[in-house]
Amino acid sequence: MHSLTGGDKGTGFGVGFLNKGKSIGDKVNGYRVLMQFEGDFFCSGLGRKTVCQVPFITPVLDLSKVTLSNFLVDANLGFRFSFPNKSIFTSYISAYAGFRSTRSYITIKPNEADYSSEGTKHELLAKANGFNFGVGWGVVTSLNKRLKLDVGITYSEANQDGRIANLKSTCADAHGMNLNFKNAPQGIVTVNAGLQFIINWSKYSVLEECDCPEYYKSWQKAGSKNRRGLGRS
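Quick note on numbering that gives the first Met the number 0: the sequence shown kicks off at 0 and runs consecutively.
It is possible that some hints are incorrect.
Stated by the list, open to error - List time: in silico DSBU-like cross-link candidates among lysine-lysine, alpha-carbon distance up to 30 Å:
1. Lys147 <-> Lys19
2. Lys21 <-> Lys64
3. Lys108 <-> Lys120
4. Lys181 <-> Lys167
5. Lys48 <-> Lys167
Stated by the list, open to error - Label-pair distances were calculated between CB atoms; the ranges are:
6. Asn84 <-> Phe16: 19 to 27 Å
7. Trp136 <-> Lys19: 16 to 24 Å
8. Phe98 <-> Asn182: 16 to 24 Å
9. Ser90 <-> Thr10: 23 to 31 Å
10. Asn177 <-> Gly44: 20 to 28 Å
Please keep in mind that the hints were generated in silico from the structure rather than gathered at the bench.
We put the CB at the ideal spot given by N, CA and C, even for glycine.
Given the sequences, and given the hints that come with them, work out the whole structure.
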């Protein structure tokens, strides 16, 4: 992940889903597009900086190690349009919208070895939340019947109200910590690589999995035959 405005970089992970979709287009001439509804949740670091030998009064009067971290969280819904063909690779484009939250955390840990982890202070320093939208492009290839490899790139833009820690300008001197803030990143480019697991929900039929009596299953079969007979008359 790379932000275009502040130069922030980071890596993260996420999960998502795709429905079976609907095929649109001209099947006779070979032109076909698969439209799918998708959703995802993604979180990523946006930089981390540690400064040692910082004089602090709290949580204890001591030189401390200070770590600043920026994080980003995305939750989106959208549509994917895939273009099946005769090759092993299927390309797609996507459009989505959702919510983005960017946060800064500070961790202060005293240098003295006598202090336990209770002396460490970790808290939220700043946050920026807002509406998020973007577009993407990628390719998918099958690894086996139930597994696919998905690689793509996305660009997203967010309108966030708030500021986050400026890690580049942060430093320490004899008086303590010099911490500056900046606007949260708006435009972000993300390179994605992941696996798709295909789940066949049809095999989890209630009739097949329930502990129904045999006569109930027979009645279902008989009812189906009667309905087919009425349909022919």
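To see whether the hints hold, each was checked on the structure:
1. Of the supplied pair hints, the one linking Lys147 and Lys19 holds, its CA atoms being roughly 14 Å apart against a limit of 30 Å.
2. The straight-line distance between the Cα atoms of Lys21 and Lys64 is roughly 55 Å, outside the 30 Å bound, and the hint therefore fails.
3. Between Lys108 and Lys120, the direct Cα distance comes to roughly 7 Å. Compliance with the 30 Å bound is thereby established for this hinted pair.
4. Note on Lys181 and Lys167: the hinted pairing holds, with a Cα-Cα distance of about 10 Å set against a maximum of 30 Å.
5. Among the hinted pairs, Lys48 with Lys167 is consistent with the structure: their alpha-carbon atoms are about 8 Å apart, no more than 30 Å.
6. For the hinted restraint 19 to 27 Å between Asn84 and Phe16, the CB-CB distance of approximately 24 Å keeps it satisfied.
7. For Trp136 paired with Lys19, a C-beta distance near 22 Å keeps the hint of 16 to 24 Å intact.
8. A hinted range of 16 to 24 Å for the beta carbons of Phe98 and Asn182 is consistent with their spacing of about 18 Å.
9. One distance hint, 23 to 31 Å for the beta-carbon pair Ser90 and Thr10, holds here, with the actual separation near 25 Å.
10. A C-beta distance of roughly 22 Å is found between Asn177 and Gly44, which places it inside the suggested range of 20 to 28 Å.
Hint compliance for this structure: hint 2 alone is broken.
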